[in-house]
Amino acid sequence: MSLKVSSTSPAKGIHITDISDEKFISDSIVIRFTTPIDEKLTPIYSLLLSLLAESCRKYPDRALLGNRLAELYGTSLYPISYKSGDCFVTGLAVSGLCDRLTINSEVISVKCAELLLDCIFDPDVCDGVFCGRYLEQGKRELIDKIENEIANRQAYAGSQSLKTAFRGEPAAVSLNGTKENALKIDAQAIEQAYKKLLDEAFISVSFTGSGKNIQAKEMVKERLTKLALSSPNRLHYDNLLAPSPCKSEPEYVTEEMEQSQSNLIMFFKTDSSDFSALKLVNSLFGGVPFSRLFLNVREKLSLCYYCSSMYDEAKRTMIVSCGVEPGSEQRAADEIINQLDELKNGSFTDEELENTKRYVKGAAFSKYDSPAGLNSWYYSENSCGRNCSPEKMIELFYEVDRERMSKAAQSLKLDTVYVQRPCGGENNA
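For the sequence shown, the positions run 1 to 429 when our numbering is used.
Simulated from the structure, these hints should not be mistaken for lab results.
Some hints here could point you the wrong way.
Said to hold, decoys possible - Computed list of lysine-lysine pairs in DSS-like fashion (alpha-carbon distance at most 27 angstroms, straight line):
| no. | residue 1 | residue 2 |
| --- | --- | --- |
| 1 | Lys344 | Lys413 |
| 2 | Lys40 | Lys212 |
| 3 | Lys83 | Lys195 |
| 4 | Lys221 | Lys12 |
| 5 | Lys83 | Lys40 |
| 6 | Lys111 | Lys23 |
| 7 | Lys58 | Lys226 |
| 8 | Lys226 | Lys195 |
| 9 | Lys300 | Lys83 |
| 10 | Lys58 | Lys221 |
| 11 | Lys163 | Lys184 |
| 12 | Lys226 | Lys212 |
What the hints assert, rightly or not - Distance ranges between label pairs, derived from CB positions:
| no. | residue 1 | residue 2 | range |
| --- | --- | --- | --- |
| 13 | Arg402 | Pro10 | 17 to 23 angstroms |
| 14 | Glu251 | Gly362 | 52 to 58 angstroms |
| 15 | Glu218 | Lys407 | 45 to 51 angstroms |
| 16 | Glu71 | Gln154 | 37 to 43 angstroms |
| 17 | Glu71 | Ser302 | 52 to 58 angstroms |
| 18 | Lys111 | Arg133 | 20 to 26 angstroms |
| 19 | Leu235 | Glu325 | 42 to 48 angstroms |
Beta carbons are placed, not taken as given, at the ideal position from N, Cα and C, and that holds for glycine.
Using the sequences and the accompanying hints, generate a full structural model.
Structure follows, in structure tokens:
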């Protein structure tokens, strides 16, 4: 394997990761800005990065920018935004063909890096204010997201349940914000957010690809390091872990809406830092096709339409989501708890444990197949204060024995049960 990974922090407030493998035929650069989640500011940041991905001063509309990307062998440039623990991560990414495969070995990697930096540092502004040609459309799209979240009952249930499980924590805040706040966003608000983001956000830069785009890398490193050094107020995150404390007693919330199906979401929190064991517990419990939740709660007992779990390491919380037939909410919740109790008691076979390890091994090894997979893997590792390769993580998984599995399962405590059910339904939670 020719994979090479290196990380540096040339200044406070910036972390740079370089991932290269000669087998890759594309090169990507991802610039991420990390800020605390803020109910009013976070949606503006998300809208801002969408605008930065639409145009810049050199290419002031989508058509011109699109033509330039087409000239660069169909290079893609796109915004990213998501929640990580109590933080919001947003940024821009560019991905294009590596130079050795272009006609006459044209060096497009530098041109791609220049375009990415232009979109971030040289946006389309008039008298210091963002031009409004795409702002109103961006606002409408943001409002559509807010309204669609309510219309999509499953998404709405997820958003509402977070407000209870993480009450008082930034993770409880919806990244889309409210319609009222979205309507107030104007060019001045975007400009203020732009300056604040560049002045204060923690900067993460990831290079992934063939490793031959040295000039492009140096250009981006120099520009972003200079930015990091420009402000004494820049945030610094060693990692994004923000464990959520478990309530002394589980909290039960029921909400009625016009719908035909119930949604049941359960939160289990832990104070354990044994990530590899907790990852395997979650996988066997509800994260693989042969999980306990799928085979028992859904298939054997037919208590729900779907049922799965995911482990949020940043919040040290396992979240179970399922779609339930109205009237079966309590039975489903009881069986979910029963299946977790079996894992706590060690009531699982060696074959189940081995198959789970094989599954997570395959998932981890699949990250080697693409630059995007490795990019997300190492960013996640850095965000959690680790720097494990997929191969090393597999070794850690295989070190987990039955005792560690049971101990990790025992550390998971029920924190929140949220039920969204049809209006007039029987109270089952």
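### Message
Lys221 and Lys12 were given as a pair; does the straight-line alpha-carbon distance stay at or below 27 angstroms?
### Response
It holds: about 14 angstroms lies between the C-alpha atoms, which stays within 27 angstroms.
### Task
Compare the distance between the alpha carbons of Lys111 and Lys23 with 27 angstroms, and conclude whether the hinted pair is satisfied.
Judged against 27 angstroms, a Cα distance of about 22 angstroms means the pair holds.
### Message
Lys40 and Lys212 were given as a pair; does the straight-line alpha-carbon distance stay at or below 27 angstroms?
### Response
Violated, at roughly 41 angstroms.
### Task
May I ask you to test the hint 52 to 58 angstroms on the CB atoms belonging to Glu251 and Gly362?
Once the Cβ atoms are compared, 37 angstroms apart, the range 52 to 58 angstroms for Gly362 and Glu251 is violated.
### Task
Could you grab the alpha-carbon distance between Lys300 and Lys83 and see if it respects the 27 angstroms cut-off?
Violated, at about 35 angstroms.
### Task
Take a quick look at whether Lys83 and Lys40 sit within 27 angstroms of each other, Cα to Cα.
Holds: Lys83 and Lys40 sit about 15 angstroms apart, inside 27 angstroms.
### Task
May I ask you to test the hint 20 to 26 angstroms on the CB atoms belonging to Lys111 and Arg133?
holds (25 angstroms)
### Task
Sort out whether Lys221 lies within 27 angstroms of Lys58, counting only the CA atoms.
Status holds; Cα separation ~22 angstroms.
### Outcome for the supplied range 52 to 58 angstroms, where the beta carbon pair is Glu71 and Ser302
holds (56 angstroms)
### Query
Quick one, are Lys83 and Lys195 close enough, alpha carbons at most 27 angstroms?
With Cα atoms ~21 angstroms apart, Lys83 and Lys195 stay inside 27 angstroms; holds.
### Query
Is the gap between the beta carbons of Glu218 and Lys407 within 45 to 51 angstroms?
holds (48 angstroms)
### Task
May I ask you to test the hint 37 to 43 angstroms on the CB atoms belonging to Glu71 and Gln154?
holds (41 angstroms)
Hint compliance for this structure: hints 2, 9, 13, 14 are broken, all remaining hints hold.
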